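Line by line, the protein sequences give chains A and B.
When the letters of the first sequence are read in order and numbered with my numbering, they come out as residues 659 to 1071.
When the letters of the second sequence are read in order and numbered with my numbering, they come out as residues 659 to 1071.
These are calculated hints, taken from the structure and not from any lab test.
On a predicted model such as this, the values are computed, not experimentally measured, just so you know.
Please note that the accuracy of each hint is not assured.
Because identical chains cannot be distinguished in the list, a pair is counted as satisfied if it fits within a single copy or across any two copies.
What the hints assert, rightly or not - Within a straight-line C-alpha distance of at most 25 Å, the following computed DMTMM-like cross-link-like pairs (lysine to aspartate or glutamate) qualify:
#, residue 1, residue 2
1, 717, 749
2, 969, 718
3, 974, 1035
4, 717, 745
5, 849, 949
6, 717, 675
7, 974, 775
8, 974, 745
9, 867, 1035
10, 969, 763
11, 1045, 992
12, 973, 1024
13, 717, 704
14, 1023, 1043
15, 773, 875
Protein chains: 2
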Amino acid sequence: MALIVQKYGGTSVGSIERMRAVADRIAATRAEGDDVVVVLSAMAGETTRLVELASEASKEPNAACCDLLVSTGEQISIALMSMLLADRGIEAVPLLAHQIHIHTDDNHGRARITKIDDDFLRELIGQGRVPVIAGFQGVSSTGAITTFGRGGSDVTAAAVAAALGARTCDIMTDVDGVYTADPRICERACKLSRISYEELLELADGGAKVVHTRAVEIAAAQRLSLRIRSSFSDEEGTWVIPEEDIMESTLISGISANLDEAKVAIRSVPDEVGVVARIFEPLARAGINVDLILQNLADDGRHDLTFTVPKNDLKKALAHAEGAARVVGAGRVEAAGDIAKISVVGIGMRSHAGVAHTMFETLAKDNIAIQMIGTSEIKVSIVIDAKHAELAVRTLHKAFGLEQRADGEVSRA
Amino acid sequence: MALIVQKYGGTSVGSIERMRAVADRIAATRAEGDDVVVVLSAMAGETTRLVELASEASKEPNAACCDLLVSTGEQISIALMSMLLADRGIEAVPLLAHQIHIHTDDNHGRARITKIDDDFLRELIGQGRVPVIAGFQGVSSTGAITTFGRGGSDVTAAAVAAALGARTCDIMTDVDGVYTADPRICERACKLSRISYEELLELADGGAKVVHTRAVEIAAAQRLSLRIRSSFSDEEGTWVIPEEDIMESTLISGISANLDEAKVAIRSVPDEVGVVARIFEPLARAGINVDLILQNLADDGRHDLTFTVPKNDLKKALAHAEGAARVVGAGRVEAAGDIAKISVVGIGMRSHAGVAHTMFETLAKDNIAIQMIGTSEIKVSIVIDAKHAELAVRTLHKAFGLEQRADGEVSRA
């Protein structure tokens, strides 16, 4: 008998009919003798409905009020699910964040959990009851409801599972696991049976969003096993586990394409100490996440500075970059939104040279020009023209031998 | 400068457009220098939507889960209203029941308030902020959300106003006050400028539901002034105040028609001690509210027992009555749903004889047969055939001189 945390996403609870299937599934897990803690998202569409009400009410709706508003979505889910479980003879206890003291900081809309008081949860579990927790939300120091941003129910699930020392945290969603590439653009993509936290984080950063990044971070910090599974099938899904538990690591675990970034270039930046810091300082203060940075020395001793930012922040980033360019005496500022960041990720990369080389060679064969390059210990990212994104994923997927996994090589351990 | 509690009902906050008008109104009250505490219902239609979701999920949805579900409606209202107020430069503080400790018993769906901790509210008001409270809900001893039943936001408003010692509690609704009769069936009905708690309770019992009965009871116990006003106009509305503040009371304040009751008759009940108690005991245990009771002695020493129950409970009441009739050896049980209870209410009645007489005489002239009669200190009720209800209201309205108020006699004091 073990303790399992199961998180069901919005499409999994998108209608009463689907909720019934989820309730049956929870009942089946219980029948196998395991203790279950359930974390739910809002019914698909509900959060959007509420956000639209807020936009109708105010151009810049107060963030705390927005949190109070959108958090009702999860409250509705846990109330309905608890009814369905009660009808199946399961003593479900719907729980809001303040009841189990999911404390957060005061950053409404993107709060971070500071503490969970697990005593009450343990008490309920000890009584044979099934806690059904509203995901996505916590309470601030003033007692106001905070939320964790889109997909935040994953964060609740991972934090609760970590606090309770659960055997596993199942992220039940509308895909059946993590793939070597997006199956919609690469039909020979294979489902991974295992992946390390670090690889999944790098893939997510690259655009493969199957689970909230912070849920993976929490799992990694607490060495908690996450499992990404479909709530519509009984397939095993993908285990997200510590790197050392992946016995024989393959070179590359996956390839992702991120089309949500844009490129900003500042021409003719004077080559003085501290100039780059002065350019990025206002961007950092504005909370704009700068990803890849490239600096080319030009003939005149000046250089071109190019960097990527989230497309949503491009307008703000441009304004700050133009301001900074004037201040430091740089030249014109240019922007391009039609770019794609392709990332090749794998913990095996550490001990194998030549991943970048293979990547460049492969893309060169297909005449795909590389605009920027960035690397981490287990990732190589390149920026290319957006129109080549799908071709690049497919050709790299093949070049790194990821297709072979479809022939029984899916398991990595 | 005074403290005013304003409660806005579902139609008053039925759309963002209407909420805007309410926000303007709250801002105007503030501009006059008064402190305001706002209590809101769910947007019109929202509670029904949620109740339907619950019915879809379960034939007998768990009551605590239902409360958790439907209470989201008010949460949405206070979040949106607080945004709108913030846009008008008013520092609104949306508050859920647990934040201001609206403690109740554990009767989900029809909970009663046991305590309100007003310290936090006083603190907020002292800081010049406007508390915006979710109506209709409290928290039980276990911390679960409870609700007060349909119209329960009135109860919240009265309880909060009483706890704070507010100067007045405005019930802002879709009618502009309490009328001498329902204006839809009696076009010469007049709006009352004042009415006593007791009269309003009797009228409400008679079918005139402009405010939740328990809100009036709370106001009466605390001698709190209630005012029933339209949220769509600036008219003064009707003050609900202590009887002694109504200086010169008129005989009759209003006439109501209740078409929501049904009649049950048990024929040939043996005339033995304790028989009636044995018949009503199972009805009481089932929580069925028996209103008028009539007992006719027949020639054979047996009698017919007739009583009224809410139409919704008729099926249950019949089953219990038939069971009881068998047990005590009575005859057949009959039911009639096509009845109307017409009530004539007025505190002046105490000191004036002949109200019942005028009533019977008036109805006799119109050939309306009276089936049952019941009286209280300030009310006479009769049961007639439902098809005569409107005629009876109009003819009694005229007979008691209520029409004259339209000619400048509206004020009672």
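**Request:** Return the numbers of the hints above that this structure violates; sort them in rising order.
**Result:** 3, 5, 7, 10 and 12
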